[in-house]
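Asks: Here is how the chains run, residue by residue.
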Amino acid sequence: MREDWGLTPYQTAMLTLALVGGTSVIVLPSILAAYAGQTAWLSALLPLPAGLLPLLIWRDLDRRLPGLTLLEQARAVLGPAGSIPVGAGLIALFASVCPAILRQFADLISAEALPRTPEIVVLGLMMVVPLYGVRQGPEVVARLAEILVPLAVGALVILGSAGLKDVVFNHLRPFMAQGPGPVLQGSLEAAAWYAETALLTLLLPFHGYGRRLAITGAVAGLLIAAGLTAVTTAWTVAVLGPLAGRVTFPIFQVTRVTSVAKFLTHLDSMLVVAWVAAGFVKTAVWFYALCTAVAATVGLRDYRPLTVPLAGLVVVGAMTWWASSAQLTGWVFHDWVFWGLSLELGIPAAVWIGALVRAKAPRAGRVTAP
Amino acid sequence: MMGVGAALACLWLFERGNLRRWGAAERVAFWAGWLLLFAWGLAVQGHVPLPTLPQFTRWLFRPLWERLLTVQPNIYW
Chain Y
1 MREDWGLTPY QTAMLTLALV GGTSVIVLPS ILAAYAGQTA WLSALLPLPA
51 GLLPLLIWRD LDRRLPGLTL LEQARAVLGP AGSIPVGAGL IALFASVCPA
101 ILRQFADLIS AEALPRTPEI VVLGLMMVVP LYGVRQGPEV VARLAEILVP
151 LAVGALVILG SAGLKDVVFN HLRPFMAQGP GPVLQGSLEA AAWYAETALL
201 TLLLPFHGYG RRLAITGAVA GLLIAAGLTA VTTAWTVAVL GPLAGRVTFP
251 IFQVTRVTSV AKFLTHLDSM LVVAWVAAGF VKTAVWFYAL CTAVAATVGL
301 RDYRPLTVPL AGLVVVGAMT WWASSAQLTG WVFHDWVFWG LSLELGIPAA
351 VWIGALVRAK APRAGRVTAP
Chain P
1001 MMGVGAALAC LWLFERGNLR RWGAAERVAF WAGWLLLFAW GLAVQGHVPL
1051 PTLPQFTRWL FRPLWERLLT VQPNIYW
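If you're matching them up, the sequences are chains Y and P in order.
Under the numbering used here, the residues of the first sequence are numbered 1 to 370, in order.
Under the numbering used here, the residues of the second sequence are numbered 1001 to 1077, in order.
Hints are computed from structural coordinates only; laboratory data are not their basis.
Glycine included, C-beta positions come from ideal geometry on N, C-alpha and C.
Treat each hint with caution, since some may be false.
Claimed, not checked - Computed beta-carbon distance windows for the label pairs:
#, chain 1, residue 1, chain 2, residue 2, range
1, P, Gly1005, Y, Tyr132, 23 to 29 Å
2, Y, Arg358, P, Gly1005, 46 to 52 Å
3, P, Leu1013, Y, Pro242, 38 to 44 Å
4, Y, Pro118, P, Ala1039, 20 to 26 Å
5, P, Met1002, Y, Tyr209, 52 to 58 Å
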C-alpha cells in the first residue's frame, strides 16, 4: 500500500538510530566486553561497513527502480515467482527479530521495574503502543521516533556525564591484550546489529526530500548509533571492569551506582523510562516491516488487517521461544550473528545482483517498475 | 472453545467497520491470522512440542558457529 507522505532526513536519522541503537546500546556492551575485554569499544566501530552496505545497495536499486520498496523491486527484477523467496526470507528475518526485541525490552522492564508482574502482561503491554502506531501508518511511527529517540539519547548523555567520576581509565588498558581475534569476533556480533539497516529498504522509498538526503539521514543515524554503542561499551568497561561481560543490561547497572552529589541516586530508573520509550520505536519499526512484508508477499493491498493477529503472534513467540533471558542472550551470541547477517546482507544483495544481470542482459531490456 | 468463540465474536464487533471496507483478500488474511494465533495459543496451552525459530536457526548455524567462532565469550551461563 503506497503512503502519501515523505520522510524528512531528521526522521530518517532518528528511525535509523532507534532501529540499530535501540537494543545495541543496552545489549551489545556486555557481549562485546565478553569477547574483546578492554578493547570492546573498537569492536563496536569496526563493523560499520556492514551497516553501510545495505544502504549503498538501496541507493543503486533506487536509482534503477525509483520509489519502490525492496519487495516491489524484487517483483520487478525477479518476477512474481522469484520475489516469493525474497518475501519469505524477509518474513523469517522480521518474525525472528520482532519477538526477540520485544522480549529484550520486557526482560529489561521485568528486571528493573516490574519483577513480580507476569511476563505475558509486560509483553502484551509493550506491544500495545507499537501496534497502535503501525496501525495508524508509518508516518506516526516516524513522528514517534523524532520525539522519543532524542529524549532517550539525551537521558543517556546526561546520566553518562553524571557518572564520569566513577570511570577508571586503567580498565581500558592494555589495548588488544589478546590480539585481534577476539576483537574481530566481537565485531561480527555488532555487524549483525548494524546490518539491520537492511530494513530501511522498506522505508527509505518514502523519502520526501530526495534520495541523497534520505541516505545522508540514514548514514547519520547509523554513525550516531555506532558511536553511542562504542562510548557506552567503553563507559561500561571503564566502570565495571572485568565484570562488564557478565552482567545483563550493563548500562543500567552503571547508572544504578551513579549518584549526583551523593543526593540523587538510583538514576537507572530515569534511563529505563527514556530507553523503553525508544524501545517502542524500535519495536514499531520492525513490526511495521513484518506486517508490510507479509502483506506484500501474500498480495494484499493493505497491511492493516494483519496488524492485530500478527501482534498476538509476536507476543506468543516472545513468550515461548526462549525459556529465559539467558537463553535469549545465548541465541544472540551463537545464532543471531549468522542468521541475521546472512538475511540482512544476502536478500538486498540478491535483488541487486538480479537487477545488474537484468540490466546487462541484451534481450531482457530495461527493468521497469510494475 | 467457548473462549475462542467469544473472542472471535468480539473481534467481529470491534472490526466490523473495517471488515466492510477491506477487500476479500484482506478479510481472508484477517481471519486466517486470527485462526493461526488461536491455534498456536491452544498448542502452547496444551504443551504441544512445536518447533521454534530459534531451534531452526540453532540447527542451521550451530555447526558453522562451532567451526568458525573459536573465541569463547568470557561469561558464565
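Asks: It remains to establish, for every hint, whether it holds in the given structure.
Replies: Now for the hints, and whether the structure bears them out:
For the pair P/Gly1005 and Y/Tyr132, the beta carbons lie near 26 Å from each other, so the given range of 23 to 29 Å is met. At roughly 51 Å, the beta-carbon separation of Y/Arg358 and P/Gly1005 lies within the given 46 to 52 Å, and the hint holds. Between P/Leu1013 and Y/Pro242 the CB atoms are about 58 Å apart, so this pair departs from the stated range of 38 to 44 Å. Between Y/Pro118 and P/Ala1039, the C-beta spacing of about 23 Å keeps the proposed range 20 to 26 Å intact.
Checked against the given bound of 52 to 58 Å, the beta carbons of P/Met1002 and Y/Tyr209, roughly 54 Å apart, stay inside it.
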